[in-house]
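Student: The chain contents come next:
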Amino acid sequence: MPKKILIIEDEPVMLKTIELLFRKKGYEVLTATNGKEAMEQIRAHRLDAVITDVMMPYLPGTEIISRIRHELSNEQIPVIVISSVEIDSLVEEVFALGANDFIRKPIVPTELVARVEKLLT
Amino acid sequence: MASLYDILERLIPYPFWVRYIAPFENWMEAQPPFIRFAIGVIILSVFSILFMYALLIITRLSYQWKSRRNEKFRQKAESLVIEHIFLHPDIERVSPEQITLPDQQFRTELGLNKYWQRQVLIDVVMYYHKNFAGKTAQILRRLYIQLRLDKISYRKLRSWRWNKKIEGLHELAEMQLQVPEVIMLELTTSRNRVLRMEAQAAYIRLSKNEPFKFFDHLKENLLAWEQLFLFEVITHTPGLNIPSFSRWLNYSDNKDLMLFCLKLIVHFNQFNSISSVIKLLDHRDARIREAAIDALGQLDAIDAEDQLIRMYVDQPTFCQVAIIRALGRIRSGRYIDFLREEFLRSQDYAVRKEAARAIIAHGDESLIESLLLHAPEDRKRTLEHCLDPLIKY
Numbered sequence: 161m162p163k164k165i166l167i168i169e170d171e172p173v174m175l176k177t178i179e180l181l182f183r184k185k186g187y188e189v190l191t192a193t194n195g196k197e198a199m200e201q202i203r204a205h206r207l208d209a210v211i212t213d214v215m216m217p218y219l220p221g222t223e224i225i226s227r228i229r230h231e232l233s234n235e236q237i238p239v240i241v242i243s244s245v246e247i248d249s250l251v252e253e254v255f256a257l258g259a260n261d262f263i264r265k266p267i268v269p270t271e272l273v274a275r276v277e278k279l280l281t
Numbered sequence: 011m012a013s014l015y016d017i018l019e020r021l022i023p024y025p026f027w028v029r030y031i032a033p034f035e036n037w038m039e040a041q042p043p044f045i046r047f048a049i050g051v052i053i054l055s056v057f058s059i060l061f062m063y064a065l066l067i068i069t070r071l072s073y074q075w076k077s078r079r080n081e082k083f084r085q086k087a088e089s090l091v092i093e094h095i096f097l098h099p100d101i102e103r104v105s106p107e108q109i110t111l112p113d114q115q116f117r118t119e120l121g122l123n124k125y126w127q128r129q130v131l132i133d134v135v136m137y138y139h140k141n142f143a144g145k146t147a148q149i150l151r152r153l154y155i156q157l158r159l160d161k162i163s164y165r166k167l168r169s170w171r172w173n174k175k176i177e178g179l180h181e182l183a184e185m186q187l188q189v190p191e192v193i194m195l196e197l198t199t200s201r202n203r204v205l206r207m208e209a210q211a212a213y214i215r216l217s218k219n220e221p222f223k224f225f226d227h228l229k230e231n232l233l234a235w236e237q238l239f240l241f242e243v244i245t246h247t248p249g250l251n252i253p254s255f256s257r258w259l260n261y262s263d264n265k266d267l268m269l270f271c272l273k274l275i276v277h278f279n280q281f282n283s284i285s286s287v288i289k290l291l292d293h294r295d296a297r298i299r300e301a302a303i304d305a306l307g308q309l310d311a312i313d314a315e316d317q318l319i320r321m322y323v324d325q326p327t328f329c330q331v332a333i334i335r336a337l338g339r340i341r342s343g344r345y346i347d348f349l350r351e352e353f354l355r356s357q358d359y360a361v362r363k364e365a366a367r368a369i370i371a372h373g374d375e376s377l378i379e380s381l382l383l384h385a386p387e388d389r390k391r392t393l394e395h396c397l398d399p400l401i402k403y
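Protein chains in written order, with our numbering: chain V, 161 to 281; chain H, 11 to 403.
Calculated from the structure, these hints are not laboratory results.
This one's a predicted model, so the numbers in the text were calculated from it and none came from an experiment.
For each residue, glycine too, the CB sits at the ideal point set by N, CA and C.
Certain hints may be false.
[To be verified] Beyond 10 Å from chain H on every Cβ pair, some chain V residues (computed):
1) M174
2) K184
3) L190
4) K196
5) Y218
6) L232
7) P238
8) S249
9) T270
10) E271
[To be verified] In silico contact screen, one side only, chain V against chain H (beta carbon under 8 Å); selected entries:
11) L181
12) K185
13) M215
14) L219
15) G258
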């Protein structure tokens, strides 16, 4: 049974590229382009990992992490945050909210896949 | 000279002319000249408006058609980039140089004969290069050069349109390609602010030997926004050769540049620049003095304390506040009595508040306790305000 990953990213090109990277590795990939869609997907599926951007319409990535960890009491799902914002306070905030990893843009595709795989093993 | 009627008579088919225009012509001839003129103006205006509407519709339709065409081409280009670069079967195993470039596939499937096709592909390559690093970025760079897309970027640099020049600079800087320094230096002093800013950023990113040489020639003011933009470039360009920024404190007349250099000196902790910063304490511009005082505080310049105290009485309030803030940062303890006196005696609230903060920064618990017990009520409230960890300002 392939592992199921949700990718939340508002830029369609980035989303498509990351999605295909993980599909190539044999994962089942779900996508969402905004926070609302993402929460619907999270509630509807049993996910193995969530990869999320921070700045997004409707719900920011920080809010999504917070809801995953508190509202859904889904504490075991690894959450990987990707962002081009390089403010230390943001990094601290996402880790405080319960994110498992933080990757800065520009992303190294092999590194992203490796980090997700490490969290899933 | 042929009249308008003569020209129209020749252009319009004869039966139409006889039926519609000729009676109108007869009627017009019977009217006074100003009425004829007014009718002429009305007819001309109506035709002009119709022509403009037609032009507008054609332009919009053409724009929409071009957007759709470009979007279709963009999607095709993106699919090729993903298929041949991101999903390349060997990308994880071999180095980027060992991967065979898919340039032939790109030429065959995209054509790339027309300028717009190459421009859309440049946009796609730039987007990926900006958002992805590592091997994929290196392969994208090789592909950009192999497909000779760099030629278009270089050509843009010679364009008379400033926005094209910026595009060219952006593309070449993103791909880390060499641009003749003479061209870039000239653009760093351009009268167009946006072009100047982009050229300065590109110069920092691309110049191998002296990335800050354009500081020598900078006569124009640097707005706060431009300083922020340059700061971002300076702090995010990997492997940048950082000089001692005190050089421009000593030689430049550009006050904005001096203020910017002071910020850079602090950011890069250039302690060897402290003596040059101290010299600025005598500068006639109070704005520069304030920035220099702030910089000395942030650099923990203990040697500057005596001079700061000496100059204190002659300074405007904002410089006095800066001096007290600097003493609070240096925290040598030698001027704690001075801080206490300022806290108790100063008539200015900003000075009192900064003095309270400086005293707290010194960590002298007995002094703080004594002030909380014996200071006048308003001073005590200021101190309590500064002691509250939940209040930031």
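Student: Identify every previously stated hint that the structure contradicts and give their numbers, smallest first.
Tutor: Violated hints (numbers, rising): 1, 2, 9, 10, 12, 13, 14 and 15; every other hint is consistent with the structure.
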